[in-house]
Amino acid sequence: MSARSIAPDLSALEVPWDVWSEPFWQATAERKLLMPHCTECGTFRWPAGPFCPQCQSQKVTWVPPGLGHIYSFTVLPVLGDAKDAPRHRVPVLVEFEQAKGVRLVSALIDAPLDGIAIGAAVEVDWLAAANATVPVFRLVSPPPSR
Amino acid sequence: MTRAARGGEAAIVGAGATPYYFRGQSHPQTVYELIGKAILAALADAQLTLDDVDGFTFFAAGFDPGTIAEQLGIRRLTFSHIVSGYGSGMAGILDLASMGIETGRAKTILCIGAAQQVGRRYGQSLANFGVTPDNVFHRIAGLSGPGQALALSARRHMHLYGTRREAFGEIVLASRAAAATRETAIRRKPLTMDEYMASPMLADPLCRLDFCLETDGALAFVVTSAERAADLPQRPVYIAGAAQVGTRDWGRAFFWLNQSDEAFTTAGAGPVAQRLYEMTGLGPKDIDVALLYDHFSPLVIMQLEDYGFCKRGEGGPFVESGAIRLGGSLPINPHGGHLSEGYVVGMTHIREAVEQLRGTAVNQIKNARIALVTGGPAPIPMTGAILRNER
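Quick mapping for you: the protein sequence lines, in order, are chains A and B.
If you use the numbering used here, the first sequence corresponds to residues 1195 to 1340, in order.
If you use the numbering used here, the second sequence corresponds to residues 141 to 531, in order.
Quick caveat, the hints were computed from the structure, so don't treat them as lab data.
The reader is advised that the hints may include incorrect statements.
[As the list claims (entries may be wrong)] Facing chain B, a subset of chain A residues (Cβ under 7 Å, in silico):
no.: 1; residue: A1197
no.: 2; residue: V1209
no.: 3; residue: V1213
no.: 4; residue: A1326
[Stated by the list, open to error] Derived DSBU-like pairs: lysine-lysine, alpha-carbon spacing no greater than 35 Å straight-line:
no.: 5; chain 1: A; residue 1: K1294; chain 2: B; residue 2: K329
no.: 6; chain 1: B; residue 1: K247; chain 2: B; residue 2: K329
no.: 7; chain 1: A; residue 1: K1226; chain 2: A; residue 2: K1277
no.: 8; chain 1: A; residue 1: K1277; chain 2: A; residue 2: K1294
no.: 9; chain 1: A; residue 1: K1277; chain 2: B; residue 2: K329
no.: 10; chain 1: B; residue 1: K247; chain 2: B; residue 2: K451
Using N, Cα and C, we set each Cβ at its ideal position, and we do this for glycine too.
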């Protein structure tokens, strides 16, 4: 059986936001993942910010980005773990089928370390931070844990 | 007319450095003490004095000119500027120095860089920042250092082009082989590919040996006019061209991770290379020795592609051919680089370029006339410089 990536403990994390990123966190509180999309020209931007980099409009519509895929990832041993029982975190960079041009970096949780690949489909899951609900990802239809 | 055709207006006439210390071991010297020692060594090398100095250049997170002037007793500055990139901006200090000399704003400029890691580590630098609405996602992901973030680019390069870990390993082995004869190098023990492959993974696909050293030290270079350089004792090293370029496609680099798809698997240096070659009228075939910013081994491969030494995606095979070794078609980092000599945010690469072009390098490349020095892949501006020993 392959070791699996852990879920980070984010319970002490105080997520900061500003007026442009606040809608992202308002949506995640309802377990919805939305990305900022220019109302004028349809360009996605990330992170959320005051202007569309394509047309400089300030009007934003928050929309679901569609299915995610792994753009890249790395595997990090948890520092300080015993050598015979290492745990691993997997930072993952996710691109979305319906939000071209933007990528979200997050954690890939509960994934078999030898079964992660660029291009694999991922679905969002949720972890609790001190003041927010944080989107993380799982492989779509992962094989059941044994 | 290109600057190179004009002959290069500014020249490096002095180089000075402290010893390189493993991180934290420069304590109890202060970082300004290290800088002062490097400045004094550079001026001695140039046979100039503090009274000649009227300019400073730094790169971002640079140092306070007032403190340096107070401590060393510098009488009058007419030029003090900072390139707004960090490791990315390193080579830009030579651009600023050229500007200062060519415009007559200063006559003797010190280019200064230093690192001291007492109680903090560059390897954890992303985690050292306060959490912001933008960087909170790196925190959630668990990316606490540049190497962890750049592992994402390295893996995608492998995925797209079939780049092998053996290529990363060859970069480390070549670096270590060069460092074996260099007394200033911290890691000098030769390395085998088996040892490389057995090194523990820190950020898969990067193992411990793909990460550069964390070092303390300071370096300073004296830049003056080519005309004045002719009367000074050291063989002048002319700044044929130094370029600073920033694009939205690259932006904040691994602090952003939303670079354009084309840029993501590069070191972000393509636009710098293009501008540098345009400025100087030179090209990749003219470079005798390349001092590439090698804080993580895959970045050497990406810069080889960015600077046109090989096609996009062919950096791995280029490296595995042995081309970057001493005696290869393009020797890279004959001083051992950041991977084996030391890491002072790129400054050691300027020192090696100067030594190569003076003909005094420990691992001298025969008849080296033209050297490339690059800054690292970090937030814009990205920078690079071409130095030469003939006008």
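Now for the hints, and whether the structure bears them out:
1. Annotation: A1197 (chain A) was flagged as interfacial toward chain B, and the flag is violated, the nearest CB pair being 13 Å apart, outside 7 Å.
2. Interface restraint check for V1209 (chain A): the shortest CB-CB distance to chain B comes to about 5 Å, inside 7 Å, so the restraint holds.
3. A least Cβ separation of about 10 Å between V1213 (chain A) and chain B goes past the 7 Å threshold, and the interface hint is therefore violated.
4. Of the supplied interface hints, the one on A1326 (chain A) is violated, with its beta-carbon coming no nearer than about 9 Å to a beta-carbon of chain B, more than 7 Å.
5. Taken as a hint, the K1294 (chain A) and K329 (chain B) pair is broken in the structure, with Cα atoms around 47 Å apart against an allowance of 35 Å.
6. Only pairs whose Cα atoms come within 35 Å are accepted, and K247 (chain B) paired with K329 (chain B) is rejected, the gap being roughly 43 Å.
7. Proximity of K1226 (chain A) to K1277 (chain A) is assessed by CA-CA distance (about 38 Å); at most 35 Å being required, the pair is judged violated.
8. Distance restraint check for K1277 (chain A) and K1294 (chain A): the Cα-Cα separation of roughly 41 Å exceeds the 35 Å cut-off, and the hinted pair is therefore not satisfied.
9. Simply put, K1277 (chain A) and K329 (chain B) have alpha-carbon atoms about 26 Å apart, close enough for the 35 Å limit, and the pair holds.
10. Among the hinted pairs, K247 (chain B) with K451 (chain B) is inconsistent with the structure: their alpha-carbon atoms are about 41 Å apart, more than 35 Å.
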